[in-house]
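For the sequence shown, our numbering assigns the number 1 to the initial residue and increments by one for each residue that follows.
Calculated from the structure, these hints are not laboratory results.
Accuracy of the hints is not assured; some may be wrong.
Stated by the list, open to error - Derived EDC-like pairs: lysine to aspartate or glutamate, alpha-carbon spacing no greater than 20 Å straight-line:
#1 28 x 57
#2 54 x 29
#3 28 x 56
#4 28 x 60
A quick note: this is a predicted structure, and the numbers were derived from the prediction, not measured.
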Amino acid sequence: MKQPLTARRKMRQVVSVSIDEAQLSVVKDIILRNKPLYKGVSHIVTIALANFIKNEEQREKTR
1 MKQPLTARRK
11 MRQVVSVSID
21 EAQLSVVKDI
31 ILRNKPLYKG
41 VSHIVTIALA
51 NFIKNEEQRE
61 KTR
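Assemble the whole structure, with the sequences as input and the hints as a guide.
In structure tokens, the structure reads:
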């Protein structure tokens with residue numbers, strides 16, 4: 001059970017880095033098409049990015 005937690009912690013560190021609109025739209029495209037750019041991009045990363053985008057959109061609405 002240690003592996004998924006480690007992956008999640010790493011993802012949190014990645015998510016904490018700010019990303020601009022262009023990068024966000026690229027990520028959205030990848031998720032919508034469900035075709036990761038790199039074969040090494042794992043399913044958990046795709047899910048985490050999707051959740052991150054959802055949270056960002058919620059923040060935009062509450063501003």
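Results of checking the hints against the structure:
no., hint, in the structure
1, 28 x 57, "holds, 12 Å"
2, 54 x 29, "holds, 14 Å"
3, 28 x 56, "holds, 12 Å"
4, 28 x 60, "holds, 16 Å"
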